[in-house]
Amino acid sequence: MDIAVILVVLATTIRSTTPLLFAALGGMYSERSGVVNIALEGIMIFGALTGAIVAQQLETPILAANPGATVWWTAWVGVLAAVLVGALIGWIHAVVSIKYKADQVISGTAINLLAIGFPAVVLQFFYNNTSDSEKVQNTLPLWGIEGLAFSPLTYISFLLVPITAYVLFRTPFGLRLRSVGEAPQAAASVGVNVFRTRYAAVIISGILAALAGAFLSIGNLDGFNRGMSAGQGFIALAALIFGRYQPWQVLGACLLFGFFRALAIRLGGDNILPSALVDNLPFVITMFVLAGLIGKSRAPKAIGKPYP
Amino acid sequence: MNTPRPNLPLAIVAVLAAVSSFALPFATLTRAFGGQAAMVVHPGIVLDFTGFLPKTLPDFSGTTLLIWLTLLALFATAGLAWFVPRLVWIGGVATVVLVISSFVAYAITLDAVQAPLLAAGTPYRRMPFVNFGPSVWAFVAFFVGIGAIVSSLRASGRLEGFFARVTGAVIPAISIGLALVVCGVLILVLQEPPGLDKVAASFGRDWFARVDLLWFSYSMLFGPILPKFRPELDFAPVWQSLSLATPLIFTGLGLSFGFRTGLFNIGAPGQVVMGGILCAAVGIYLPGPWFIIAPLCVVAAAVGGGLWGALPGWLKGRFGASEVINTIMLNNIASGVLVFLIGANEYKFFGNTVTLPFKAEGGEAKSLELGAGGRLASITDPFTFARDGENFMALPVPFLLLGLILGLATSTGNVQSRAIRTGIGGALGLGLGFVLGAIPVTGAMQTAALNMSFVLAILAAGFVGVFLWRTKWGFELRAVGLSPKAAEYGGVNIAKNTVLAMAISGALCGLAATHFTMGGALAEYRLKQSIPADSVGFGGITVALLGQNTPAGVVASSVLFGVLGTGGLRLDQALDDISREIVTVLQALIVLFIATRGFLSGDFLRSINNQKKTKKEGDK
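So the sequences go chain by chain: A and B. When we follow my numbering, the leftmost residue of the first sequence carries the number 1, and every step to the right adds one. When we follow my numbering, the leftmost residue of the second sequence carries the number 1, and every step to the right adds one.
Just so you know, the hints here were simulated from the structure itself, not pulled from any lab data. Please note that a few of the clues may not be correct.
Derived coverage of chain A by chain B (criterion: at least 3 residues anywhere in the stretch with Cβ under 8 Å from a Cβ of chain B; other residues may be distant) [stated by the list, open to error]:
{"#": "1", "stretch": "59 to 72"}
{"#": "2", "stretch": "276 to 288"}
Far from chain A, some chain B residues (derived; all Cβ distances over 10 Å) [stated by the list, open to error]:
{"#": "3", "residue": "Leu53"}
{"#": "4", "residue": "Trp89"}
{"#": "5", "residue": "Ala94"}
{"#": "6", "residue": "Ala112"}
{"#": "7", "residue": "Gly121"}
{"#": "8", "residue": "Asp197"}
{"#": "9", "residue": "Gly433"}
Ideal Cβ placement from N, Cα and C applies to all residues, glycine included.
Construct all of the structure, not just a fragment, from the sequences and the given hints.
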């Protein structure tokens, strides 16, 4: 195979892995603390929407004065806004499922449902249509060498793997987080504040999922459109399970699923396999993993159970 | 009972209602297409945001006088609530009667102006007071009056049975209310009140424009529950609401079936798609008369959804894999399969070309057309007759069936009393049907695609009710849902029941596809990529929760969402900055608020539950 082809597939794999990695690591914080987070998909959409709209609205007056202007900070403010919104949605999920002890799957479903309707409502207000934002001219920069240049968020996402491994397994906070996910009563009996730990975990998870969204809309592309998440939040959930809730294995799972995505794009052009089928591989693999047919993935013991 | 306690809340509400008559519009005079209104505020003040109100307005002094009397009745209600709570119903009745008569006086005044114009042949939309109607304050006064009557009856202990029966609806009702409040705030933030630019700015005008915007939005959203009366009688809004409700009933039943057995089937979107694929395949490729093909198509839809549900059920029963994650995975796989089947005719596998026949020729992602045998008739067809070149739908038979169903659904007790209740329901329905006679069938009603799958949905609701509460299998399934360990100890095979429950749940969801493929709800009798599997599937979660997992509740909440969906469409057309997706937001918020149990405290919920239990024990 041509070296150029390999390079392209490699670059596409890394780009496709980024949002999965953000969302899957986010899911890890939440689920390790015992709170199911199927809202990753929805939070991702909120992050993408916020990033695109804030960046676009900020650059509009500048571009009105000078159409060719390049400004570096608008996209970063967009990312910051996405992070804040992600934290907010995470907080809502936390309040509903921790304070009000709701079924966490129902709460997550509600947020996903909100992410279907809310973007259309907001886009109608800003851009008079229900599917796309206007193009963002000044998106996040690309760092790297020719052919292998990536958004800064890509580097951050990969850096987050060792950071998460360190935080979860080498810090007191990580120990508490894992303990409230396995045995909340036992953790509480030695003085861990179960509620506060879970709140923190779910809010972190919201922030990371929103970063995944911001990467999609102003890192990888130049605007928001309604189909852009395309179930990647659910693929991230799949990667989290496939990676057995371990940071390095989750990285492996995300790279594999990202590679499938790159392959689907590549194979679609080469007429080897229809991309509609290749796209489904992550889901099929995850089902096998859940059934214990390819390795066994064990979820935290207290997952999905509200703490009294 | 010698020292009656003053009913303080009612007294305060009545006084507030009276005072608010100066701050809330009593009625609208006319409404332009973009939502701009001219309205009447007590005492007789006319505010115009439309800009084309006639110079000389009719004399509203009769209405104004009656509103003054209504205020008097409200103050009387407040006084009675404070001093003689026993007699508060008198104030309530007076308020209701007076507020209704003030609106009647208002309508008579306007009709007096419009009648000669109509007689002269002016089209209805050219009338000076087109679409006039009651507004916020009229409803406030009306409901405070009703509230006074209800509180009086309740204090006398006459409504205890009723209240005990509706406790299940407390959380859904509060959740809907909260979601409507949030959506109201959203509307106020996003939408500049229409017509505000046409008047000189002032605090008062601003206030009334915003109040009217909210009133307009809500009345648009809930409006389709009634047929259109002007310019002519048209049941299209009702038809469209029921058409939108049909697939939701199926998925809602499927979801609630799962919830009852302790399973969360998020896989409805995938099951709808798989049901649709199998259903369409049978309908496309199997030739034959309709009475063979149509039932086979329906069975195929159920089988497609059922298998797609049984698979995660088996994975859970056999391997203990979470059905939540597996159904999510299967949703994505199903949509991939759909794209594969109807996305292109030819595929290359390792260089070999494979041709798939399922997709119709052309650029659009849609399947071939179903044969005539696989199509479901419109619901009006069996009852339609023509007179003077126009089509009408005869009502006696449909109303008879409706009466029988409602009678059966609301009956309790032994077979005999159930039969009597059902018979009475049927007789009332038949009588009403004969009184009403027939309704005109319009083109808009036909395009609403309300078809026989609606009847199928009602039958499915009956099936779920009978299966879960009247059979041994249903009892076992509910036992597993309530307490798996206890059920297993009692000899129930959990694994087998999980597969069965997921299969039935999936089959019910799969049946939703009949509405789209066989019923032509996608404008053609085909499977298209635009099949709204996600919104129907996730909407099923909403209606199941809102309906408290009972078949009747699911049907009622599906119809509610059908109405809101239709209303959302009309609101979208009327207001520039509001999208119809506001209804999806509303759905999501309702789910969120139900999940938090309407923010009600545990103590309160326990107290209403105890009330229910005491009532039940009292019955025995």
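Hint check:
1. Coverage of the stretch 59 to 72 of chain A by chain B is violated. Counting CB-CB distances below 8 Å, 0 residues qualify, and the rule asks for three or more.
2. Three residues within the 8 Å Cβ limit are the bar, and the stretch 276 to 288 of chain A against chain B gives 8, so the coverage statement holds.
3. For B/Leu53, the shortest C-beta to C-beta distance to chain A comes to about 30 Å, beyond the 10 Å cut-off, and the non-interface label holds.
4. Annotated as non-interface, B/Trp89 keeps its C-beta farther than 10 Å from every C-beta of chain A; the closest such distance is 38 Å.
5. No beta-carbon of chain A comes within 10 Å of the beta-carbon of B/Ala94; the shortest separation is about 42 Å.
6. For B/Ala112, the non-interface assignment is confirmed: its Cβ lies about 42 Å from the closest Cβ of chain A, beyond the 10 Å cut-off.
7. No beta-carbon of chain A comes within 10 Å of the beta-carbon of B/Gly121; the shortest separation is about 39 Å.
8. No Cβ of chain A approaches the Cβ of B/Asp197 within 10 Å, the least distance being about 18 Å, so the stated non-interface status holds.
9. With 10 Å as the threshold on Cβ separation, the claim that B/Gly433 sits away from chain A holds: the shortest Cβ distance comes to roughly 39 Å.
Taken one by one, the earlier hints fail for this structure only at number 1.
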